[in-house]
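Peer 1: All residue numbers for the sequence shown refer to this note's numbering, where the first residue is 1 and numbers rise by one.
If you are wondering where the hints come from, they were derived from the structure by calculation, not from laboratory data. Glycine included, C-beta positions come from ideal geometry on N, C-alpha and C. Do not rely on the hints blindly, as some may be mistaken.
Below, a list of computed lysine-lysine pairs in the DSBU-like style, where the Cα atoms sit at most 30 Å apart [claimed, not checked]:
#  : residue 1 : residue 2
1  : K255      : K145
2  : K55       : K119
3  : K274      : K31
4  : K274      : K294
5  : K274      : K55
6  : K55       : K31
7  : K31       : K119
8  : K274      : K255
9  : K55       : K12
10 : K289      : K55
11 : K119      : K255
12 : K294      : K55
13 : K31       : K12
Now the in silico label distances, taken between C-beta atoms and shown as ranges [as the list claims (entries may be wrong)]:
#  : residue 1 : residue 2 : range
14 : R199      : D89       : 21 to 31 Å
15 : E84       : E297      : 52 to 62 Å
16 : E385      : N27       : 51 to 61 Å
17 : Y166      : G92       : 31 to 41 Å
18 : L394      : Y11       : 48 to 58 Å
19 : R199      : S257      : 26 to 36 Å
20 : L269      : W330      : 20 to 30 Å
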Amino acid sequence: TGRNTHAVNPYKVPSEAAFTRAERVVNLLLKRHRAEHGRYPHAMALVLWGLDNIKTEGEGVAQALWLLGVRPVRDAMNRATEIELIPLDVLGRPRVDVVMTVSGIFRDLFGATMNLLDKAVRAVAALDESVESNYVRRHVDAQMKDEGVSFDEAALRVFSNAPGNYGTNVNFMVMDSQWDSSSALGDLFVTRKCFAYGRDGEGRMVEGREARGAMNRALANVEATYQNIDSFEIGITDVDHYFEYLGGVSKAVEKQSQARPAIYLSDGLSMETKVRSLEETVRLETRAKTLNPKWYEGMLAHGFRGVAEIENHVVNTFGWSATTGAVDDWIYTEVAETFVLNEGMLERLRHLNPHSARSLVARLLEAEGRGFWQAEREVIERLREVFAGLEDQLEGVA
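Work out the full structure, taking the sequences as your base and the hints as a guide.
Peer 2: Set out below in structure tokens:
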């Protein structure tokens with residue numbers, strides 16, 4: 001009728017197809033981590049977004065369950081309301097501890113799913129299994145013993161914003177250059193996302209209770225962070241939300257564990273799912289978009305807005321430097337050579353959108369000033385000259 005449209009039935013998430021895909025992706029992810037680090041990660045932090053899980057029918061949710069060694073159980077109406085523990089001999093590997101950082105939209109749309117994830121963590125933590133094969137139990141038992149916290153507190157793993165709030169604000173802090181050290185970005189992420197969801201041991205709902213200590217303790221055990229990419233159109237340098245979430249949680253982990261985690265992304269956009277490191281993904285998107293003449297010439301054909309989009313890509317790339325340090329020197333060097341040191345291109349940017357041109361140059365200077373880019377002294381001097389000229393133009397001096 002047009003009046004009863006809906007995206008997905010949240011009680012049917014994850015779908016059987018999503019769980020099958022998730023099993024394949026997680027196995028690839030764990031295989032790669034084991035090859036690079038010699039063993040399975042003891043704990044991972046996953047980013048779960050609402051729209052992504054609508055489009056994939058809960059693939060991100062299914063990945064969290066499969067890492068834990070759990071599968072959903074469906075009732076007569078095909079609703080995923082319970083969980084089934086997969087025996088270790090069937091799973092063929094240890095159960096990985098999972099910290100779930102959940103967007104505000106996911107929280108609003110998938111309340112029942114958050115309870116299912118919380119139930120899965122608690123069930124795994126309570127299993128009578130060796131801590132060598134059950135990393136959730138290992139960490140929960142250690143917290144109860146060392147920190148003196150209750151089982152309910154130690155088993156908290158599903159975190160989001162306080163009710164009614166959205167986002168991490170890490171992106172705004174980066175874009176406004178309002179941070180003195182990168183650890184402030186991780187602190188902000190935890191401040192915004194340290195609200196726990198699920199049920200307590202008595203079955204009472206826990207909806208947005210502040211649990212900063214529990215989140216920090218859980219993040220301290222994390223050795224890898226991960227997020228899906230579910231669209232060809234929107235990548236990790238197209239929008240700032242990827243670095244505010246995956247970058248933000250990675251920086252929070254780095255502060256709590258005193259070690260930078262391995263950071264992975266996957267795309268299931270074709271028959272052959274790819275699991276890539278963050279560094280590989282930044283390089284790929286830079287080559288495919290930001291530094292690709294077909295892409296940036298297409299943007300420039302749109303005039304003012306096109307230049308703003310180019311600058312937006314540079315800002316989002318800088319966001320990955322700020323939160324993870326995952327951007328190679330050559331990326332900033334080639335951005336400068338392509339858009340600023342090329343006099344013909346600079347003139348086009350200056351003519352079409354001097355505001356975005358100035359911001360692009362300012363971001364390159366900030367990258368060098370914060371130590372993200374080791375540039376030649378002559379290049380920096382030229383960038384400063386260009387920036388001053390753009391300032392004069394905007395002020396009406398030139």
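Peer 1: So, for every hint listed, does it hold in this structure?
Peer 2: Each hint tested on the structure:
no., hint, verdict
1, K255 with K145, "holds (23 Å)"
2, K55 with K119, "holds (24 Å)"
3, K274 with K31, "holds (12 Å)"
4, K274 with K294, "holds (24 Å)"
5, K274 with K55, "holds (18 Å)"
6, K55 with K31, "holds (26 Å)"
7, K31 with K119, "holds (27 Å)"
8, K274 with K255, "holds (29 Å)"
9, K55 with K12, "holds (13 Å)"
10, K289 with K55, "holds (24 Å)"
11, K119 with K255, "holds (28 Å)"
12, K294 with K55, "holds (29 Å)"
13, K31 with K12, "holds (29 Å)"
14, R199 with D89: 21 to 31 Å, "holds (30 Å)"
15, E84 with E297: 52 to 62 Å, "holds (53 Å)"
16, E385 with N27: 51 to 61 Å, "holds (53 Å)"
17, Y166 with G92: 31 to 41 Å, "holds (39 Å)"
18, L394 with Y11: 48 to 58 Å, "holds (54 Å)"
19, R199 with S257: 26 to 36 Å, "holds (28 Å)"
20, L269 with W330: 20 to 30 Å, "holds (26 Å)"
This entry satisfies every hint, going by the numbered hints stated previously.
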